[in-house]
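Starting from the known structure of chain A, arrange chain B on it as the hints suggest.
For the protein sequence lines, the chains are A and B, in the order given. For the first sequence, the positions run 226 to 559 when the numbering used here is used. For the second sequence, the positions run 22 to 308 when the numbering used here is used.
Each hint should be verified, as a subset may be incorrect.
Cross-link-like lysine-lysine pairs, in silico, DSBU-like; alpha carbons within 30 Å at most [to be verified]:
1) B:117 to A:554
2) A:554 to B:262
3) B:273 to B:262
4) A:436 to A:466
5) B:117 to B:262
6) B:277 to B:117
Treat the hints as calculated values from the structure; they're not laboratory data.
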Amino acid sequence: MSEFLQNAGAGLYAPGWLALAILCLVPLLVRGHHAFPYPAIVRLPEDELSVWLERLWRWAGALSIIALAIALSGPYWGEQQIEKVGRGAHIMIVLDRSASMNDSFADTREKNDAEPKMATARRVLQSFVQQSREDLLGMVTFSTSPILVAPLGGDREAVLAALRATEAGGMGFTAVARGLGMALDYFEGKPVTGARAILLVSDGGAHLDVKTQDLLREMFHRQNASLYWVYLRSANGASLKDAPEDENRDAYPEYQLHEYFQSLGVNYHVYEAESPQAVEEAITDISKLKNQPVKYYEATARQDLAWMFYLIALLCTAALFALHLTEVKRWRAV
Amino acid sequence: MSGFIPQEFYYHLHWRARGAQPGAHATRTPGNGADFAGHVPFMDNPDPRRLDLRASMRVIPRRYVVRSFYERGAIVVYALLDVSTSMRFAGNAEKKRLLADITSAIAWSSTRHGDSFSLLACDDQVRQDLFVAPSHRRGMAQDIHKKILGAEIYTQRGALALPRAIEQVRPNRSLVFLISDFHLDESLLSRTLSSFSAHDVVPLVLWDSSEYRDLPDWGWARVRDLEHGGERSLFLRRRLKQEIEQSYLERKLELKTMCRKYGARTPFFIEDEFDAGLLTRHLLEAS
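Next up, chain A with everything else stripped away, as it sits in the complex (with noise of 0.2 Å):
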């Protein structure tokens, strides 16, 4: 039986108030209550239903003070460590809403049917975040500031409709540090159940002075996030993959930034696109990379049981009440 109870994760949240069970001795023992004299209760014949009446009101009263103990205790059942296997990640997406996202991309062949970097970065992402079943998904969206628009979490409507809001188009400047900031913030207090991943989109990069270089590469490492910045390089944009010229290094705050993220120790990836297709191919690559399974334990909700011990003190006591009223007040023929 215990050994059931275990299986089946019952348990006592107080267990120091089953001490007031005792109290159910009470109602069995104690002859207290009213009674009316009478000379001989040898004449009265022995009635099935009265000594059944009274061994209810005996045990009801036990009953409830019982049930009322075992309440008070806080029971409950259900409680079990499941193992699961995770799939999916925990991905924030960190998306650019910067006024140059406007712009189209470099490798621009036919310009009548340019489409701005933005466009297509929602196109990719809402792809991205159907495809994705067993993803917790957040975003954050940052120009000048960054905007939390939905928290790390499977609510997938959510994600969709902040992405169907950035076609409100973007402004201001790109300050990135505090885009990733905020999405890393995301992830604290969370159970690591799956691959954490930070996916920044965004086509240009700002520069990071050294303290908050230092801040976000802490931040990165007490999250153990990984980073997968696509690029989204401007016509005029330089590409990541040529080194600029050390004379020129203030120019390219993109490059800069590279060569930081290079920097942080953690899991990271560039995806320099020029084009639309090469958006896909990038996104399509993240949604393979971050799928390696993560092995974790969890508690299923227990379930609590009190309410159902309190039916049974009320029904108990509602019961008492039924026989307290039939009870007689006076011993007279009305």
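Here is chain B on its own, set in the frame of chain A:
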């Protein structure tokens, strides 16, 4: 206490008493009463006033015979009270008050008849504090009424001493009123009745109407036994009320059978109120 006059009833004996005390009852003592006993030779009772000439002519051999008579005599009337704890019961009437009323009525009636009265009371012991020796002094009825009302009925007492009360009764046949609720064991009752079988026992049964007839119509009640402390749960309803009444009816028949078996008179049942007229009828007619 001068103003209080107990109820008076009349009783009659079916037997001849023995005793020298002059009184109202027929006795076996020859004397100057009005009860004709028979003819005796003149020389046995030389009283010329009782000479019966016609009878003298009929006897052979011829001689004078005189009529002889029995004396009218007095007896001792005993009231034997059961003061067990169950007599503390007070339903529609208080049993102790009823006890006092009845006992003082017996004392009053017996002294008015010229008989002596004596009081015996028993719980598990014979209650010496309630004992009153045979006497026919005036004012005794009022004294006894007061005495019984002031007496204490102890808790947790049966009536085991009832058979032993015979030790305080004179050997001459007497009239004994046994006043109790008769909620006694069969063995105790039979021992009591058999120990008093030499006497003329009149059982007076005190039952309260709230014991068996005047019950609540419906509802759950618990009752506690006054004497033994047991408890019983009763869910009163029509069927159970009928059963209780039936059980008391059966007890009534049982008591009557038992009293007949031990030569006592038919029990007289008193419910809530003592009516001396009914007792007179019972004593003069029914038994």
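(message) Name the hints, by number, that the structure is in violation of.
(response) none
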